[in-house]
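Engineer: Now for the letters of each chain:
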Amino acid sequence: MTATEKSCEAPSGVWGFYYFYGMSNLSVFLAKSEVKAHDLEHKRKIQFNIDKYAATVVRGKEQFAHLELARKKAKNVKWQAIEHLDSYLEEFEKNFTARGGKVIWAENADEALEAVLSICREKEAKQVVKSKSMVTEEIHLNAFLAKHGIESVETDLGEYIQQLDDEPPYHIVTPAMHKSKEDVARVFHEKLGTEPNLTPAEITQIARINLRKKYREAEVGITGGNFLVADIGAVCVSENEGNGRLSTAFPQTHIAIVGIEKMLPSVADLELFWPLLATYGTGQEVTVYNTLFTGPRQEGETDGPEEMYVILLDNGRTNLMRPEVRESMYCIRCGSCLNVCPVYKNIGGHAYGATYSGPIGSVITPHMKGMEEHKHLSYASSLCGGCTEACPVKINIHGMLLANRITATKEGLNGYKENTGWKLWKRAMLSRKLMNAAGGGIKSMLVGRLFKDSWGKRHEELKFPKKSFNELWKERK
Amino acid sequence: MKTSKARENILSKIRKALGTHKAPQPYPAAAEDVTPVYSTTELTDEENFASAFIKLGGKFVYCYNEADLVENIHVLYENSGWKQVICSDPALQNVLNKNRLHISTLADHTFPEAEVCITGCEALVGRTGSILFSSRQFMGRTAPVYYPIHIIVAYAHQVVADTNHGFRLLQEKYGEQMPSMVNFNAGPSRTADIEKTLVVGVHGPAEVYCFYVDA
Ligand code: SF4
Numbered sequence: 001m002t003a004t005e006k007s008c009e010a011p012s013g014v015w016g017f018y019y020f021y022g023m024s025n026l027s028v029f030l031a032k033s034e035v036k037a038h039d040l041e042h043k044r045k046i047q048f049n050i051d052k053y054a055a056t057v058v059r060g061k062e063q064f065a066h067l068e069l070a071r072k073k074a075k076n077v078k079w080q081a082i083e084h085l086d087s088y089l090e091e092f093e094k095n096f097t098a099r100g101g102k103v104i105w106a107e108n109a110d111e112a113l114e115a116v117l118s119i120c121r122e123k124e125a126k127q128v129v130k131s132k133s134m135v136t137e138e139i140h141l142n143a144f145l146a147k148h149g150i151e152s153v154e155t156d157l158g159e160y161i162q163q164l165d166d167e168p169p170y171h172i173v174t175p176a177m178h179k180s181k182e183d184v185a186r187v188f189h190e191k192l193g194t195e196p197n198l199t200p201a202e203i204t205q206i207a208r209i210n211l212r213k214k215y216r217e218a219e220v221g222i223t224g225g226n227f228l229v230a231d232i233g234a235v236c237v238s239e240n241e242g243n244g245r246l247s248t249a250f251p252q253t254h255i256a257i258v259g260i261e262k263m264l265p266s267v268a269d270l271e272l273f274w275p276l277l278a279t280y281g282t283g284q285e286v287t288v289y290n291t292l293f294t295g296p297r298q299e300g301e302t303d304g305p306e307e308m309y310v311i312l313l314d315n316g317r318t319n320l321m322r323p324e325v326r327e328s329m330y331c332i333r334c335g336s337c338l339n340v341c342p343v344y345k346n347i348g349g350h351a352y353g354a355t356y357s358g359p360i361g362s363v364i365t366p367h368m369k370g371m372e373e374h375k376h377l378s379y380a381s382s383l384c385g386g387c388t389e390a391c392p393v394k395i396n397i398h399g400m401l402l403a404n405r406i407t408a409t410k411e412g413l414n415g416y417k418e419n420t421g422w423k424l425w426k427r428a429m430l431s432r433k434l435m436n437a438a439g440g441g442i443k444s445m446l447v448g449r450l451f452k453d454s455w456g457k458r459h460e461e462l463k464f465p466k467k468s469f470n471e472l473w474k475e476r477k
Numbered sequence: 001m002k003t004s005k006a007r008e009n010i011l012s013k014i015r016k017a018l019g020t021h022k023a024p025q026p027y028p029a030a031a032e033d034v035t036p037v038y039s040t041t042e043l044t045d046e047e048n049f050a051s052a053f054i055k056l057g058g059k060f061v062y063c064y065n066e067a068d069l070v071e072n073i074h075v076l077y078e079n080s081g082w083k084q085v086i087c088s089d090p091a092l093q094n095v096l097n098k099n100r101l102h103i104s105t106l107a108d109h110t111f112p113e114a115e116v117c118i119t120g121c122e123a124l125v126g127r128t129g130s131i132l133f134s135s136r137q138f139m140g141r142t143a144p145v146y147y148p149i150h151i152i153v154a155y156a157h158q159v160v161a162d163t164n165h166g167f168r169l170l171q172e173k174y175g176e177q178m179p180s181m182v183n184f185n186a187g188p189s190r191t192a193d194i195e196k197t198l199v200v201g202v203h204g205p206a207e208v209y210c211f212y213v214d215a
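Protein chains in written order, with our numbering: chain A, 1 to 477; chain B, 1 to 215.
Same shape as in the complex, but just chain B (with noise of 0.2 angstroms):
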């Protein structure tokens, strides 16, 4: 490994002012409460998925299989007056097209000006209403947030309880071959940085649409 000055300097700082003083552990006692500290519900993982991202302002989309996706979707589509639609997903495109609707793909690295972007995604995290996303996925860090409309298309077996099995699952699923971007999504883009007003669709989406496919 190069050494760096900068490297030893910092380090020897550190522990010179950690060989002097050592600071006691602050909350021994809260260390050994295995408590949950989030407040829990009644509802199963899926529900409090459901309604978590819906409060984050995500539109929750129920379909009892892959055929009712297509339908679904279909009705979205021809009520929206969307123009273009474009999916990231080779396998999601694949179940779309075969059933009368023209999705084109989207391409390694040319961005078409579409409306709408489906993808997949990695898992739906109940607790928080967070949706996970990686980079081993298809366009990965630019699909989820560059257009201004998300399709979202999840299955029943992605959904976990909260942020560390969201982790596990990608660990099982990837092992070493980790994705270099992790990303949990809740919600449509915002920013409250004019006198704290709510404006959605900065610079990611301003509309998240999740089709929970429960099959």
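So here's chain A without its partners, still in its complex pose (with noise of 0.2 angstroms):
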């Protein structure tokens, strides 16, 4: 971290959490975007990490013959899982229950913390290990085991550096992208006491040696899950470093909190969707440890857990069936819409102020958590359509965005003086006698004033020629 950097960086920790305290997720979201995007060394950072991620999905698309019928077809395999969300779900849990594991259904995030704390009650777990898995992020569930004396930890290296700076992860794939190698190597002298200037590979060497003690130790293993399979009752886990299968192996518990929306119909669909998350994620041409978890230790078997649970949770995901972003529930959180977005790459993952950043965070909040609250982060995008082409599962992404801005407007939630702003910037477009009669510079203090707050400070003001196009035309002529 520059000096630069250091000074104009509001504090970090728990999000600087005190120092937007009181202030609106908009306010935080603009202040945090204002100073990330000014920011030129956090810029180097994301912009590295991303050329590099690039350059590495050229080389994974290669795998692929027919790469846009893949994708067709796997958009077409995602509808058929969401337009028959209700029976998959049912046909999962009659097939996971079959083989002994538990199914546990949480509307909420409580719910599905209150039932995760109960199973380490009952196992009277002290320690809980955990691999990379957004959902827990979601619903906060480390802070909140460690508040009942129970310490979760992190087992992904990414997650791992990111929780011993006490930081939520940046990027839904690649979790401490914004962080260089000193960085890094920085965090681990500070908080493991370790020799200072490490290389990556003798950082990764600490990391295997302090997590090998906690998956022997661990009562408790949760993770998440990449996709829930219907018709053989499977949760799937993809991860390069072998920490899920560890995570999975040694503790006699197995929580899986799994999105209901993670859906796949059969497990021949994963022939297909295993390559798709790979490239599209890492540029891979498929992911090292790609595991299946059908249940718990089956009669015969020599290891792996006595029990399993998976919690199927909504928190919000039933809000994106509604028809105008219902696409939203094909995401497989590849993290390539971000990688693609100009605005993204400005601001960076921990602006958004919201588990999922990125453009199809930005569709999936302010359903998931109010549109009130969040409608703004449909806002952040420049609708360039990048993210949508970027999508292995071709969904629609910007046209999504747009519809929740016409959600929030149809709400009336843009405030008074932004709708009002709207409309009469609409009635004067419309007229074009009254636009051609104003002439450029009332054109543009019409703008500047209406729009002062929400517009003005960011764009250059917008200026308006002399002449409207409409008169420009009339003289040719």
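Just so you know, these hints were derived from the structure itself, not from any lab.
Among the clues, some could well be false.
To be verified - With a cut-off of at most 30 angstroms between alpha-carbon atoms, the simulated DSS-like pairs for lysine-lysine come out as follows:
| # | chain 1 | residue 1 | chain 2 | residue 2 |
| --- | --- | --- | --- | --- |
| 1 | B | LYS196 | A | LYS45 |
| 2 | A | LYS102 | B | LYS16 |
| 3 | A | LYS94 | A | LYS61 |
| 4 | A | LYS410 | B | LYS22 |
| 5 | B | LYS59 | A | LYS61 |
| 6 | A | LYS123 | B | LYS5 |
| 7 | B | LYS13 | A | LYS394 |
| 8 | A | LYS61 | B | LYS55 |
| 9 | A | LYS345 | B | LYS196 |
| 10 | A | LYS94 | B | LYS13 |
| 11 | A | LYS61 | B | LYS196 |
| 12 | B | LYS5 | A | LYS94 |
| 13 | B | LYS22 | A | LYS394 |
| 14 | A | LYS147 | B | LYS173 |
| 15 | A | LYS147 | A | LYS61 |
| 16 | A | LYS61 | A | LYS45 |
| 17 | B | LYS55 | A | LYS181 |
| 18 | A | LYS394 | A | LYS52 |
| 19 | A | LYS394 | B | LYS16 |
| 20 | A | LYS213 | A | LYS147 |
| 21 | B | LYS196 | A | LYS43 |
| 22 | A | LYS102 | B | LYS173 |
| 23 | A | LYS181 | A | LYS213 |
Here the structure is a predicted model, which is why all the values come from computation and not from measurement.
Since each chain sits alone in its own frame, please combine them into the complex, following the hints.
Structural biologist: Quick look at the structure:
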């Protein structure tokens, strides 16, 4: 971190929470974006990571002879899963239960947290090992368990770094994307007392040694799930490090917390979805460990947990079933739309103030957590369409951002001033005569005044040409 | 079945939404299209596996038969300076120990600090270079990931074309007794979490060998 960055950055730690305490989500978003967008060091790190990602994605895509067809087929499969989500959930439950697993349904974060706690209490758990999962970020599991005297340690290297540094993940696939190797070495030095300036390989070895003990000691292993598979009642976990494998091998209880939208109808769909997730997520052809769990240790098996639970989480997801954003339920959380988004690249993952950042986060967060407080996220896009182009499941992301704006506007949530502004502006635009009469100066003033707060600050003040297009066109004739 | 309030609420919200609006299938033509989406090669499944596995960072060792396998493992053992090698597969251990190699067993739930673990596998996937493991194998959840070096012994009949063939193989083998865990492993454990710098051997093995027995 450079000296300039330090001086202009809001206090880190738990989100610099107190710094922004009392500000609305919108103002926090604007304040954080303002800091990040003008922070060149930050931009350099993100650009560096994203460039490397982009180069490998090209290679990953080479495994497809017909990528476009693969994406269309994938969208069809997710459409099938979501259009019959109720029956697939029941089918999943039936199959998973038949093999001795237990299914718990949770309508919100509190219900999921309570379920985890009561399992931990029953097992008298003091130590939990966790593999990377955005859902557990969403429900703030670690903080909750800590409050109840249970240590939950992150085992994914990127998450482990973020946990040591007391920061939420920056990116849904690459949690510590915003940290340079020097930053990470510093965190290890400060938090674990290691030598300063360790290399990435040395840092990795330290994490390996520290966490191996934890896998053996922990009573409970918690994972998320990349997919639910209805026809065989399975939870899939994709990971590269092996921490997900070990977290589900040693502890005697495995809890998987999975969003209900992660559904796939059949195990046969994985042949398409695993490579798509790998290629768009990290540019690999296939992830190092793709694992299916269909229950606890079966009779005749020699290792593995005695009990397995799946917590099916709603937490606002059913709100996404409304027609105009239903496609957002097809998301496989590959992170590709984040990596191409000019807004994400500028303001970074933390500015959004939401678990799911980037374009898809901006689509779903207002519905999952409330339109009123989060509608501004739908405007965190230039509507360039890069996200839609980059999506392995061909989700119409920018179309849905626009739909959210319309929803927010319809529900009158954009605030009196902005609404009035748009109306007057529209009236002026619609009336040719009024517009021609006004002349450039007045037009600029009109816009500048009405949108002063929400528009004027970051954009160049809009300057209209002296003559309207209409006038210029007439003159030409 | 125990009914839970949350269950009923979630399902009824979904049903209500589906009742008000049915989305049309996005790409009906693509659903009918049976063109394979993946690139194909002129190679056999075995050759595809070997080249994909090597590309993933795996070390592929070809063996004509079991005698050759024992010989090759012995050569590697002699030259690598490994102190302790264990084997989790009883049948395999039999083959190895009959032939002057002294490799200890991975006993239930004791995890000796060995550097190397030898295991069998369920299948080799040609297109992706992945190796299929399951919890029906002895210590199937732990043995393939806990040790720094992993040696897999595979036989020619275990090679399949792609992922779904692997699933089918499992189904034929186990029927109703499907393993509780099924894993497709593609090469050494790795991370690129720090500045996208590739580091191998994070939590799983840093070195993965596949001894392929062509018999
Ligand atoms: S919306 Fe598409 S590109 Fe974005 S994370 Fe989801 S699947 Fe990936």
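Engineer: Which hints, by number, does the structure contradict?
Structural biologist: 3, 14, 15
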